[in-house]
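One-letter residues, chain by chain:
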Amino acid sequence: MAKALRMKLLPPLALTLLLLGLFVFVPMLSAFEYSIRTPATGGYGWTHYHWAISEEDFFHYIFRSTWLSGVTVLITLLILVPTLVWIHLSDSKIRGIIDGLSLLPLVIPVVAFAVGAQISFPEFVQNTVLELPFLYFVLALPYAYRSLDIGLNSIPLKTLSEAARSAGANWLRTIISVIIPVIRGSVMATIALTFALSLGEYTLTVLLHWDTFPTWVTYVAQDNILGAIAISMMSLIIPFIILTAVTLVIPERNMQGRK
Amino acid sequence: MSSKSLSLRNISKRFGTVNALDNFNLEVGVGELVALLGPSGCGKTTALRVVAGLEQQDNGLVMVSGKDISDMPAHQRNMGMVFQAYSLFPNLTVEENVAFGLHMRKVNKHLRLKKARELLELVGLDSHNKRFTHQLSGGQQQRVALARALAFEPEILLLDEPLSALDAQVRVNLREEIRRLQLSLGTTTLFVTHDQEEAMAVSDRVGVMNHGVLEQIDSPDTLYNKPSSTFVASFVGTMNRIPTQISNGMVEIFGIKVVALRRGQESGNVYALVRPESIDVSRVAGAGHAKIITRSFMGASSLIICQTPDGSVIQALMPSHYSGDLHPGEEVNLHVTLNEVLVSNV
Numbered sequence: 001m002a003k004a005l006r007m008k009l010l011p012p013l014a015l016t017l018l019l020l021g022l023f024v025f026v027p028m029l030s031a032f033e034y035s036i037r038t039p040a041t042g043g044y045g046w047t048h049y050h051w052a053i054s055e056e057d058f059f060h061y062i063f064r065s066t067w068l069s070g071v072t073v074l075i076t077l078l079i080l081v082p083t084l085v086w087i088h089l090s091d092s093k094i095r096g097i098i099d100g101l102s103l104l105p106l107v108i109p110v111v112a113f114a115v116g117a118q119i120s121f122p123e124f125v126q127n128t129v130l131e132l133p134f135l136y137f138v139l140a141l142p143y144a145y146r147s148l149d150i151g152l153n154s155i156p157l158k159t160l161s162e163a164a165r166s167a168g169a170n171w172l173r174t175i176i177s178v179i180i181p182v183i184r185g186s187v188m189a190t191i192a193l194t195f196a197l198s199l200g201e202y203t204l205t206v207l208l209h210w211d212t213f214p215t216w217v218t219y220v221a222q223d224n225i226l227g228a229i230a231i232s233m234m235s236l237i238i239p240f241i242i243l244t245a246v247t248l249v250i251p252e253r254n255m256q257g258r259k
Numbered sequence: 260m261s262s263k264s265l266s267l268r269n270i271s272k273r274f275g276t277v278n279a280l281d282n283f284n285l286e287v288g289v290g291e292l293v294a295l296l297g298p299s300g301c302g303k304t305t306a307l308r309v310v311a312g313l314e315q316q317d318n319g320l321v322m323v324s325g326k327d328i329s330d331m332p333a334h335q336r337n338m339g340m341v342f343q344a345y346s347l348f349p350n351l352t353v354e355e356n357v358a359f360g361l362h363m364r365k366v367n368k369h370l371r372l373k374k375a376r377e378l379l380e381l382v383g384l385d386s387h388n389k390r391f392t393h394q395l396s397g398g399q400q401q402r403v404a405l406a407r408a409l410a411f412e413p414e415i416l417l418l419d420e421p422l423s424a425l426d427a428q429v430r431v432n433l434r435e436e437i438r439r440l441q442l443s444l445g446t447t448t449l450f451v452t453h454d455q456e457e458a459m460a461v462s463d464r465v466g467v468m469n470h471g472v473l474e475q476i477d478s479p480d481t482l483y484n485k486p487s488s489t490f491v492a493s494f495v496g497t498m499n500r501i502p503t504q505i506s507n508g509m510v511e512i513f514g515i516k517v518v519a520l521r522r523g524q525e526s527g528n529v530y531a532l533v534r535p536e537s538i539d540v541s542r543v544a545g546a547g548h549a550k551i552i553t554r555s556f557m558g559a560s561s562l563i564i565c566q567t568p569d570g571s572v573i574q575a576l577m578p579s580h581y582s583g584d585l586h587p588g589e590e591v592n593l594h595v596t597l598n599e600v601l602v603s604n605v
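Chains G and B supply the protein sequences, listed in that same order.
Okay, so the first sequence: first residue is 1 according to our numbering, each after it adds one.
Okay, so the second sequence: first residue is 260 according to our numbering, each after it adds one.
Worth flagging that the hints you see were computed from the coordinates, not collected in a lab.
Heads up, the beta-carbon is just placed ideally off N, CA and C, and yes, glycines get one too.
Treat the hints loosely; a few may be bogus.
Stated by the list, open to error - Result set (DSSO-like, lysine-lysine): computed pairs, CA atoms no more than 27 Å apart in a straight line:
#1 B:Lys-365 to B:Lys-389
#2 B:Lys-389 to G:Lys-158
#3 G:Lys-158 to B:Lys-365
Claimed, not checked - Far from chain G, some chain B residues (derived; all Cβ distances over 10 Å):
#4 Ser-299
#5 Gly-300
#6 Ala-544
#7 Ser-555
Work out the full structure, taking the sequences as your base and the hints as a guide.
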């Protein structure tokens, strides 16, 4: 019965995946094809990639955007994990309110948000690029919140945390040693979403007059559009490398067991 | 094992308008196993959670060997706890779960894994040490939880209905194992359960709770045979409530005068509280006329349910070899086989 149902669902599922794949990969492949064109000779080559790497600001902005995204991920985890654990363990109705608040960044225009941040942040914060991770955190909040929320909903959080505490773990150890490893998938998804969103954030950064990798790409695109596309293609590799590194640092336990 | 005594003094705890614990007092001696028994919502789990530090009492003191730990956070109390729900950490192997408490106490890896294997051997799971928890049955998971609770040599062991999610046979085996371990390690233990058979089988003393108050705490024998209140009498075991009259401290049951142990009132209508095993069913002439409704064979004994002419339903528990020739529909006589009886007001 279940097998028959699976067989029935297989064709529409395969079609959906195929369409999704085309939707994601066709533009990427097209961009790649465009980036290796060499109009001077009419053929293909790595000219624009060589040009991008030889640009002195390339590594500067790549590095800046990467560490800003890293700080954003850190802020997100430090704020959201304990808060969500507390919300899930408390019986109060505050959860509904915070659920709603976490969606606000989706409905508040970035322009209004940027202006608000400029007004409300003290001057010494406005003067440092470190204001960006705090604002990126707010922009990533709807996705990061939901990702962690799903993870915490899927485990017996109360029992596990009480078991850890009664065995001698304080709250910090309970979160680090028990809760985060148990919801590892959700934490990884949160890291990926927050990192990718921060790395590619453009509007807010421009409005606050900061330069990061996306704003620099826009700048260089004015003179060399093919070079800018080559840079964008290379920038796709960065989140991949970072997230692979994070996955290796937080290894998944073989929960299938070792009999 | 550094076992200690436990003392709860005048503990009160409210949840909104519900009084979960009302001036609750309890003393548990060193190495003693005390069970808290009671209906749902009587406050037994709240009492245990207050001891563990997972719930903060509104008033009163929690003392361990005379030391006040009322405000101490849960992780500093050094109490092992086994929960009703499976509470093993799914990201850790069996031995890592057992060693978790020692890890938190910064015991080095070699020593804590050695200790974990010793405990796993004690609960018969030493060959499962590398497995993950989802590869274990419910009974095995609770054994690991027990080993984890004992691994760091807790001052008090707290058991919060640890058997209620298990099959009947596993429950019986595991409760015996818990008692065996508790006796061999001498750990002071507080055991919360709603299953009276379980409480009676493993405990030195059983406390019966009702509405946040400890109604009676005594040995299982005393609790069963000399209940201090009608609630305890009705809650622990099966009790017949036989309508009769009290006069001069005596009640008449099935034509026989019996001393009334507790006199709510001096005269008038009362209920005599009689255990099924204190009622004899026979064809011998007497004043306790009744008709057999059903007879249930239960191995060594049989439960015979009768109805008296006034409509009262009486349960009698008799050895099967004495009651084998009694059949439903048969007219019989009932007799009480005791000299004293507890009575309650109508």
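Evaluated hints:
Straight-line distance between C-alpha atoms of Lys-365 of chain B and Lys-389 of chain B comes to about 21 Å, which keeps the hinted pair within the 27 Å bound. Restraint check for Lys-389 of chain B and Lys-158 of chain G: the C-alpha separation of about 26 Å stays at or below 27 Å, so the hint holds. Distance check on the hinted pair: Lys-158 of chain G and Lys-365 of chain B sit about 24 Å apart at the alpha-carbon level, within 27 Å; holds. Ser-299 of chain B, annotated as away from the interface, keeps every beta carbon of chain G farther than 10 Å; the closest lies near 19 Å.
Chain G leaves Gly-300 of chain B outside its interface by the beta-carbon criterion, the shortest separation being 17 Å against a cut-off of 10 Å. With a least CB separation of 61 Å from chain G, Ala-544 of chain B remains clear of the 10 Å interface cut-off, as annotated. With 10 Å as the threshold on Cβ separation, the claim that Ser-555 of chain B sits away from chain G holds: the shortest Cβ distance comes to roughly 39 Å.
Going down the numbered hints, you'll see the structure goes against none, and every one checks out.
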